[in-house]
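Q: The primary structure of each chain is shown beneath.
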Amino acid sequence: MNKVYNNRAWFLILPMLLLVAFSAIIPLMTVVNYSVQDVFDANTRFFTGTEWFEVMLNDSALQAALLRQFAFSFTILAIEVPLGIGIALLMPKRGWQASAVLILITLPLLIPWNVVGSIWQLFTRGDIGLMGVGIRELGYAYNITRNPADAWATIILMDVWHWTPLIALLCYSGLRSIPDAYYQAARIDRASKWAVFRYIQLPKLTNVLVIGVLLRFMHSFMIYAEPFVLTGGGPGSSTTFLSQSLTTMAIGQQDLGPSAAFSLIYFLIILLVCWVFYTAIMNSQKDKTTQGGA
Amino acid sequence: MEWMVWTLPTAIFFSGIAAILLGMTAWELASPSVERRGFLPIATTRGDRLFIGLLSAAYIHLAVVGFTDISIWFALGTSVLWLLVLMRWG
Chain A
0 MNKVYNNRAW
10 FLILPMLLLV
20 AFSAIIPLMT
30 VVNYSVQDVF
40 DANTRFFTGT
50 EWFEVMLNDS
60 ALQAALLRQF
70 AFSFTILAIE
80 VPLGIGIALL
90 MPKRGWQASA
100 VLILITLPLL
110 IPWNVVGSIW
120 QLFTRGDIGL
130 MGVGIRELGY
140 AYNITRNPAD
150 AWATIILMDV
160 WHWTPLIALL
170 CYSGLRSIPD
180 AYYQAARIDR
190 ASKWAVFRYI
200 QLPKLTNVLV
210 IGVLLRFMHS
220 FMIYAEPFVL
230 TGGGPGSSTT
240 FLSQSLTTMA
250 IGQQDLGPSA
260 AFSLIYFLII
270 LLVCWVFYTA
280 IMNSQKDKTT
290 QGGA
Chain B
0 MEWMVWTLPT
10 AIFFSGIAAI
20 LLGMTAWELA
30 SPSVERRGFL
40 PIATTRGDRL
50 FIGLLSAAYI
60 HLAVVGFTDI
70 SIWFALGTSV
80 LWLLVLMRWG
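Line by line, the protein sequences give chains A and B.
Letter by letter, the first sequence follows residues 0 to 293 in numbering that gives the first Met the number 0.
Letter by letter, the second sequence follows residues 0 to 89 in numbering that gives the first Met the number 0.
Hints were generated in silico from the structure; no laboratory data involved.
A hint or two may mislead.
Said to hold, decoys possible - Covered stretches of chain B (in silico footprint by chain A; criterion: 3 or more residues with CB under 8 Å from a CB of chain A, positions within the stretch not fixed):
1. 3 to 17
2. 46 to 58
3. 76 to 89
As the list claims (entries may be wrong) - Covered stretches of chain A, going by a simulated chain B footprint (3 or more residues, C-beta under 8 Å):
4. 43 to 51
5. 95 to 108
6. 257 to 270
A virtual CB, placed ideally from N, CA and C, is assigned to each residue, including glycine.
Same shape as in the complex, but just chain A:
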């Protein structure tokens, strides 16, 4: 193998690197600096070492928020990914119907987070909200400010409503990129609909699904505005997720040291989970291609 690799094109990303340095890397370094100190004001600060990390890791409120966060993220992934694939499969493929459905499906994605929260807040109100009143009329005492189960179900429903379109759109574009020859071959083999899905469509969707799952995981793991507007983290703390705990600590109480330490732990968790997802999905694909080649 005498292939010569020319990597000079990497220099083209230097401007981007510079930009990212200012928007992400340098602020992150500052957070690390804050996490090992107790900062009072511009001139008064004390070095505390690892104390904040110790406090944060053993804080039972934060541990509970972390568990809730994982429960939330995995629940919405388990609903949104199959649902998104299903919608993408049902979407019309050509003609004006295709454009119309695309626009309708994209609409929720265009709404800002806190507006989504407000919409659902009104929608679920027991006195004037369509859903709130509707469910009550059906005989169930639906109340998201009193009943944690109702609050949870509503937040999950809201997230599914808001973000399933993203998965559906990604899958739709993935499905459109499958050449017709695959379907023709399947027809010749008299493959069932399930076989077409399992052995043609799903494998071809792997790449977009990786992006979809990663985006949705990161998004949902950082979710803030929607539950904050809808339930304010309540009833009690039953829907207080990580970012809300963090904001309360950093902005509400100005505890910069502990919240910096907590942010870093938060960041490490997201980094680990995303890496595991990415590696697992990419490797399952790699195994298949090497088997196919051999």
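Please arrange chain B on chain A, whose structure you already have, making use of the hints.
A: Leaving out everything else, chain B in the frame of chain A:
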């Protein structure tokens, strides 16, 4: 730079990371990495192993600091050893 409230430990930490990245770049230029399979269940390049090593080092430190009374230097030593093992046989 005062607004970033630097401390000596964090400065040493980031210099260390920067030095490792520069070192890895130089190593890559001198002898390009080949993807291979070690004791890890996946095929990895040198950079992958460094990433895995650093990430697990972070978790080792968090575990030691948060849930034990062992000195943090012990965590550092374990992490360095683990990183070396991972780079060589991972």
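Q: Tell me, which hint numbers fail for this structure?
A: 3 and 5
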